[in-house]
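Visitor: These are the residues of each chain, in order.
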Amino acid sequence: MSSRDTILSKIRSALDGVKEKSAYPDYDASVFHSRPRLEGTPREAFDRNFIAAGGEVMPDLAALAAFLQQGGHTRGYCDPALMDSVGLALAAAGFTVETSYERSRYEDYQFGITRASGAIAESGSLILDDALTSDRLAALSPWVHVAVLRESEIHRTIPDAIAAFGPSRNILWATGPSKTADVEGILIEGVHGPGEQVAFFI
Amino acid sequence: MIDHQLIDTYAREISDEKQTSVITGSAASTDKRYTILFKDYEDPDALRKLAGKIKDHTLHHLDRYVEQAEASLQRNGVQVHFADTGDDAKATILSILQERGISKLTKSKSMAAEEIHLNPFLIENGIECLESDLGEFIIQLDDDVPSHIVRPIIHKNRREIARTFQREGIAADYNDDPATITHRARAFLRDKYMQAEAVITGGNFISAESGRLVLVTNEGNSRFGMAPSKVHIALVGIEKIVPTDRDLGLFLNLLGRSATGQQLTVYTEFITGPKDDSQPSGPEEMHVVFLNNGRTDVLESNCREILRCIRCSACQNVCPVYRQASGHAYRTTYGGPVGAVLSPLLFGDQFPELADLPKASSLCGACNEVCPVDIPIPDLLLRLRDKAKREHIHSPGAPPMSPFATLATSPSLWRTAMTMSKAMNHLPIQVAPVKPLQEWLGQRTLPEWHGGDFRKWMKNRNNS
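Protein chains in written order, with our numbering: chain A, 528 to 729; chain B, 3 to 466.
Isolated chain B, as found in the complex (with noise of 0.2 Å):
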């Protein structure tokens, strides 16, 4: 057997089950989605290309801009916290909710809690801790991890989750009928909402003009975590800011039709502080928690772009290779395209172990195409591919490319190779004693070899 690189492994051991879940799901509704990016609008790309400035222009003043966020958020009376690391934030965290005596709370999805494993932190430490979004409490009672950014449980069936369902004791009885599964979680997850006594919840954007925190949920889950509870905490990455309101609108614009084809998600909230003194629901106290966690690093690195990233999943959906290996098959949190980049930078002591993402991709370009804030996600995965060999980090199971290398930088072996392959035409190859040749050709046929034929034909049009 031969070795395969890990994400190469773990594509090839995927059950059918879960394959043909990531496959289908990834690719439903990609007419919606299409259509709403593409029609309606008189230049829609001049849209995401304005949206690609806009979050450049801010990431090149980030200070600034977080200066101004901290001073907004503080004059609407939310009280701003700052975290270098993920162990800083847990700790903050843990402490707003010791000090206040806090023991049960509901969390809306957060992918920044999912990078430093908040919510298992917060369980040892006592804390009941419940994922309100349908997709992340079912990752929750599975004791699982998301493997898509906006559909967490893009890998599971409905049989599954009944299963799970029946087994947690969340129902009787084994229904695998998704509106029944959805309206036994509604029933289960009211309760412990009226019962919280805290909300967590990440952060789409901050406007650092008006301090506005704005949360998307389809499912009114961050606005039913927030309606009772006392206490509201936002963990937000410092790459999350936005310089105006007015650009919220732009931005919610291309997150809606990006990650579900609506043209706004259902639940768009716009929050400024603790709730108005006449409003009995809502938080009283409010906090932000900045979060950094390697992100200047990835600011600092030459493929800073990929923090412009809104975190929609557009690139997931249309990526092959993510839809063959699963969300999964990332390792970290992200998967997909922007995990490929993202997660070898963001977990930089990792970057040796991640060095394969960036290769598992045939630069086909299609999440450039559909990225609302057309972040070059291929030449982003090129200069990362340089970096890693630049550091001189083999991937494990990567093929060998050497021999390829010496041919290509060789214009006379490589004219003597290109007329000399044509024997290849005669020989039986698939049977050459060349593992990695072997395992590629089980699986395909090659053409015919005109190898230096194009060479041939030049030359003869410049003596004619």
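This is chain A alone, in the form it adopts within the complex (with noise of 0.2 Å):
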């Protein structure tokens, strides 16, 4: 018997003890909104909570050239369709913007300019969806990640957010920058991906 057919026999033998099968629970999904969190618009509601968990939001080009002058962030990547909206404007501006991405200079990049697909209000959590991801890396391996987007593609729960799912067969939800308390129990941000993670609205 393959281990897929046993598997299966022994859950069946397991369940026959199982006098009274639980039926499954209808429930509303609004149960599980969390409200203080939810309080204001959509966009309000989105920026508190993304900054609540460490991420920054970015109100004008001008702004984001300067966080990223701040944080010695010369270099990096933008996504080719975003140039017209960001990366050129960056590039005016003394940056070094490329729109390729080469793995074997994942070092040369301080900064990652993508699309985000959305994001939700609730949580405060970017939304990377593959298809308009340009390159997963490029908003993974620099240490400044700016997710670009439209207030229109704000979703006000996480219920909504999933409702909303679409035929892409990766979605990512960035909540923050990349984070761990391993150590002592600490908060140190930026471990593997992105220490600052930022959002800004076209």
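What the hints contain is simulated information worked out from the structure, not anything from laboratory work.
No experiment lies behind these values; they were computed from the predicted model shown.
Glycine is no exception: its CB is placed at the ideal position from the N, C-alpha and C atoms.
Please note that the accuracy of each hint is not assured.
Partial list, derived from the structure: chain A residues whose beta carbon lies under 8 Å from chain B [said to hold, decoys possible]:
(1) Leu542
(2) Phe559
(3) Arg564
(4) Ser652
Reconstruct the complex from the two isolated chains, following the hints.
Guide: Take a look at the structure:
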């Protein structure tokens, strides 16, 4: 008998002893909404919750340029589709902006600018969808990841975001920068992924 | 020297340094977790009860859901494997790797992989298999085992880690600043990720409806492990299935809040197959290995509720026994209250050796109070104590309870003992030649004995 059939037959024999089998409980997904987190417009709630999770929201291009400059992040990657809206302005401000990501030079990219497909207000999460992310690594290896999105793309709640899942094979919710508390419970940002997670609305 | 049960002996022999790390580590951010668990929601208790019901329903129909999940995964282009035992899982994974000539991989944290000792097996077979979760990476360098589900190195302090990094050449010098430690691991692991040909992950949930595999990490290590790899292998216990995508929202909410006091874990990834064609980074091939390894035995037992567990570690953090004894005292992959139930059942052939674990609890109930899927852990501990009794298993060092049992089952003996024991108030019982008594009284003082007063009061009350 294959492992598959063995497991299924063991499950069935184990369940023979279960007299009352629980029915699937009917519920309304709104029972798990965190009300204080949803206060205000979706944009206000997103900003508040994303910042609380360690994220940064940039109001305009000048602020983004100043933020990158301040951290000494002068060279990075920009999704070619975002050059017009973000990349060219940074290049004009003196940044080195590349439109291709080469794995062998991963250390050269101090920032990565990619498209987010949306956000979640309730949790303060950015949604990165394989279909829109030009390169997963470009959103992951640089110290600063700038996710570019529109305000109209914010989902209000987690159940809303789940209900809107598209056909993409990989969807990531990034709620702030990469972090750990493995060493003595002390919070450190930038473990494997970005130390700075930035949302930039266009 | 008196014999103690193994877990007690371990707790006594633990170094002060390690015990301090475990106590402060498990107590850390308790306030934050309590706030996010009990504030913000109209009826927080209803959420965990609902989650418990969904899990029970899934477990009670697990055959159907396993088949549904399998079909959904295959529809998404995922290759599905089944492993009845740990050895089956190891052989399956090794052959996937060998058939493709893969010799280097990274692995993100998986309790199922710990359970079957996957890592040492792959290394013995010539495969470089590097743990990428910071805590697990340090565990691997030290040839240690994790002592906590979410924070594997809760028993280590920064000085020990800094010494390890220096010893293993991760860093040229000693530096115990947690940020420096973290960023040194970041720099070391990046090259490894980029060279890896495959990635092994666990799985937090699989939706039967869509075949979505959900992985959560705070560090982003599974995301980074997957991005440059060609092959993704996920090892997933059969109890990780939930019926629908909508259920994922509830479980992710409860997992983040219970594990670390976060609304959501930072990297929450929904995977329905190999990468999209347009995407340059990500696996071209995806495998899911469903693992049984004793889970069906647990399902058959009267403790099947423990299979609801979503591995959040909340019960470990609040357990007074875990905090004193550390996870290693439980001597298996799963420590703390969940381990005291799961381990003796999951490793059924070792039940006699692990039968002391369910006894190592004061049944205070803190574990159930914080459990996001409402597992009645204290009840399950009692059922396992009963099992040990029925199977005549005597854990070495367990204090003899038969004199008490005789006393407590005979009303007349009990009545006499209650009154007679008043003599204890006038006798120096701490010098009585009864070793367990001496041991016990060595650290405690007894209050004055009032045995029998209640009966007297009841009697007089009826007379008046």
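Visitor: Does the structure break any of the earlier hints, and which numbers would those be?
Guide: Those not satisfied: there are none.
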